[in-house]
Amino acid sequence: MTGVGRRSFLRGALAGAGAAAVTGLTVSADAATSTAVAFHGVHQAGITTDPQKQAIFASFDVIAASKGELAELFTTLTDRARLLTAGGALPPLGITAPPADSGVLGPDMPGDDLTITVGVGASLFDDRYGLKGRKPAKLTAMKEFPNDSLDDSLCHGDLSLQLCASETDTVLHALRDIARHTRGAMQLRWRVDGFQSPPRPSGTQRNLMGFKDGIVKPEPADHDKLVWVGQGNGEPAWTDGGSYQVLRQIRMLVEFWDRVSVGEQENMFGRRRDSGAPLDGNSESDIPNYSADPTGGAIPLTSHIRMADPRTPDTAASQFLRRGYNYDKGTDSVGDLDMGLLFCAYQQDIARQFEAVQTRLIDEPLVDYIRPVGGGYFFALPGVRDSNDHFGRSLLA
Amino acid sequence: MRTPRPLPAAIALVALGAVVAVAVWRPWSGSADAVGGPAQITVSRSQCGQGWTGAKTGRQTIVVHNTGDAAAEVDLVEMSSNKVYGEVEGLGPNTSAPMDVQLGAGRYAIRCLIEDTDAITAPTVTVAGDGEGGPAAVAVTKNDMLPLVKQYEAAVAGGVADLAVKTDKLRADVDAGNLAAARTDWLPAHLAYNSLGAAYDAFGDFADKIDGSAGFHPLEKGLWHNASVAALKPIADQLAADVQGLQHDLPNEQVDPNDLGLRAHEVMENALQFELTGENDQGSGTSLNTALANLDGTAKVLAILDPVLKPRDPDLAQVQKWESRVRALLTAHRSTPVARLDQTSREQLNGAVGELLELLAPVAAICEVRRSS
Ligand code: HEM
Chain A
0 MTGVGRRSFL
10 RGALAGAGAA
20 AVTGLTVSAD
30 AATSTAVAFH
40 GVHQAGITTD
50 PQKQAIFASF
60 DVIAASKGEL
70 AELFTTLTDR
80 ARLLTAGGAL
90 PPLGITAPPA
100 DSGVLGPDMP
110 GDDLTITVGV
120 GASLFDDRYG
130 LKGRKPAKLT
140 AMKEFPNDSL
150 DDSLCHGDLS
160 LQLCASETDT
170 VLHALRDIAR
180 HTRGAMQLRW
190 RVDGFQSPPR
200 PSGTQRNLMG
210 FKDGIVKPEP
220 ADHDKLVWVG
230 QGNGEPAWTD
240 GGSYQVLRQI
250 RMLVEFWDRV
260 SVGEQENMFG
270 RRRDSGAPLD
280 GNSESDIPNY
290 SADPTGGAIP
300 LTSHIRMADP
310 RTPDTAASQF
320 LRRGYNYDKG
330 TDSVGDLDMG
340 LLFCAYQQDI
350 ARQFEAVQTR
360 LIDEPLVDYI
370 RPVGGGYFFA
380 LPGVRDSNDH
390 FGRSLLA
Chain B
0 MRTPRPLPAA
10 IALVALGAVV
20 AVAVWRPWSG
30 SADAVGGPAQ
40 ITVSRSQCGQ
50 GWTGAKTGRQ
60 TIVVHNTGDA
70 AAEVDLVEMS
80 SNKVYGEVEG
90 LGPNTSAPMD
100 VQLGAGRYAI
110 RCLIEDTDAI
120 TAPTVTVAGD
130 GEGGPAAVAV
140 TKNDMLPLVK
150 QYEAAVAGGV
160 ADLAVKTDKL
170 RADVDAGNLA
180 AARTDWLPAH
190 LAYNSLGAAY
200 DAFGDFADKI
210 DGSAGFHPLE
220 KGLWHNASVA
230 ALKPIADQLA
240 ADVQGLQHDL
250 PNEQVDPNDL
260 GLRAHEVMEN
270 ALQFELTGEN
280 DQGSGTSLNT
290 ALANLDGTAK
300 VLAILDPVLK
310 PRDPDLAQVQ
320 KWESRVRALL
330 TAHRSTPVAR
340 LDQTSREQLN
350 GAVGELLELL
360 APVAAICEVR
370 RSS
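In order, the protein sequences belong to chains A and B.
Numbering that gives the first Met the number 0 puts the first sequence at residues 0 to 396.
Numbering that gives the first Met the number 0 puts the second sequence at residues 0 to 372.
Among these hints, one or two may not hold up.
Claimed, not checked - Quick list of simulated restraints, FRET-style, between CB atoms: (1) Ala64/A / Pro310/B: 24 to 32 Å; (2) Gln272/B / Lys66/A: 26 to 34 Å; (3) Gly157/B / Ser148/A: 53 to 61 Å; (4) Pro310/B / Gly231/A: 51 to 59 Å.
Calculated directly from the structure, the hints in this document are not laboratory data.
Since this is a predicted model, take the numbers as computed values, not measurements.
C-beta atoms are modelled at their ideal positions from N, C-alpha and C, and glycine is treated no differently.
All chains should be built: construct the whole structure from the sequences, respecting the hints.
Below is the structure:
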């Protein structure tokens, strides 16, 4: 059944290519993707934005020497983000300086869907900048969970940047530009480059374990309940419009995984590998019906999706928005491939949502094939409202 | 928000041999109001600057086209301030290149600097409007730099004389078999070399002999790893001899006026690459002392460049601010091997040196020697 689907998809693709060849038309990826995403808004872009293909997640230690320098850092970040996401040529510097940018995107940089999402970690609220009393109510350092193997150099940080765009050169250009303008105020602590795969053959993209990943997400109508932080959640007023960001660098032991039978793999996730359908359904969009399967005959009680969200009235409030990316970091010291999932989640309350789900997932069967090595908890700042606003305005006010 | 890109079309026109003057092109305006493409300006002995029409304030790209038979450099100069707003270097015959500029109201002229020809300044074009001008500076000429180069040469000569005294002492220690004294005297000698404000190929072959694969570092390695006097003697002798060689050779070594500005950032680029990483450390654990000596050398160069920089670099106060911050950090961590610094201190150092380098890069750009006649 899936075989047929794949063949018919291929046929469609070939027919398309043939038509293009006959008419001499080529499909320009450039024309299709070079759009700018609005930078200004109540919320930051890059959270509910449909995931672009390429990403960089970077965590920085802030080294600004005073609160004033921290304020300058936020202003600089705002200015660069505004310029970079809008696209166009950067203002010329004449003979007074080296070129205004790295040139990686050519003389007239495309907006290319770039989003720049800035978060702050709990450590920024220590006594360096007098911000102790301003910490978002639910922000802590990332916890270590029972199945974790955390490497401190891959964890935490004062400030996170999520850069997403259609193309790799765009996110790299943005990272270089921002680092160049902020060297004296923050230093890179860790970084993971991520990518979303194209639909294979259709629907949701696949992770590096071969399963469709990112199928279930909260309805937009529920974002105010699940994603955005607002007054009335016991939060300081300045946090209004922000969201908690959980990043986890989770390595996949892909060599081991590839030696596991497909049936066992599917039971671990609770979904079909080919179609992404829940094991009690036929297509990826089917909703698992756990009440009709109380003993887990179809979808095992220990499967990832069932443990992560048993879909009971009690667990509804623990749902959150996942926006993860595949990563590939080369090879480890014994010649195994170092790749996995940069898990990224946005939510209103880390304890109520991510930590509750992660706690349910402790010792799930999947843990033998994955290894959380890094990450951090951050608070994605409220959006920059207009051209007079800047990141951190309400925080530092 | 797609921006139009008429440039390739404009270049195609040029390739056809047509020299067309057209309205100013504003690629960033986002609308397709560009009429045909950017202004085309001729660069040649007989027609310097012809074809510049439609000039306005604000950002614009103009295309310069060399219709002559010799390579040329083209500057766009505001005549009352003499500031250069745009520049294209190395424009070969029959080629064109875009010049991206941002102009305020003023009186501008194209200056054609054609090989083996006196500078030709085209007729002045008055630009009116309320668009803001971008950063610009009066070109630094060879004449501006020559007295500074003399000062720099004198400072280096003094520094090398001091260095020679110190390497002679180091040699005497080793020759006398007193390696404890040699370990003490190695550092001041090494710092004397590193505060000269020289980088890369400044001293030709001497640089590598003195502070590269030979000289100070092999000596350091031996001194801090219990090498024998017999093994170290030839290295110390050779080092002292090479420093003397450098001292004798110095009057023949001409400093290119362009190098002064480059040194202002290259010395600290070296410090970042080789000292802050600990890469050069052969056991003495003094990379940060070396970086501090490099900073002294940089400060010397900046002090000499001051008369040229003061009227041109609006960020000079920032340069000073970050120079002092780097100095304070390096002083605080002197004699600590970088690997033993805690992460915060290391990040503060890397960040401060990085920021200083971002500010020194414009110094090198501004001090590039340009023809004006
Ligand atoms: C390498 C590690 C992980 C892999 C490979 C993985 C893979 C998957 C897959 C294939 C699905 C089903 C498709 C979908 O709805 O997207 C899924 C669903 C889900 N995962 Fe994960 N996941 C990982 C880690 C995590 C972590 C750390 C959490 C949270 C603590 C989590 C929470 C969820 C949730 C809430 C769902 C949706 C369940 C539902 O509503 O049906 N996952 N994951």
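Here's how the hints hold up against the structure:
1. Ala64/A / Pro310/B: 24 to 32 Å: 30 Å, holds
2. Gln272/B / Lys66/A: 26 to 34 Å: For Gln272/B and Lys66/A the Cβ distance comes to about 32 Å; the hint holds.
3. Gly157/B / Ser148/A: 53 to 61 Å: Taking Cβ atoms as reference, Gly157/B and Ser148/A lie about 58 Å apart, which means the hint holds.
4. Pro310/B / Gly231/A: 51 to 59 Å: Once the Cβ atoms are compared, 57 Å apart, the range 51 to 59 Å for Gly231/A and Pro310/B holds.
In this structure, every one of the numbered hints holds.
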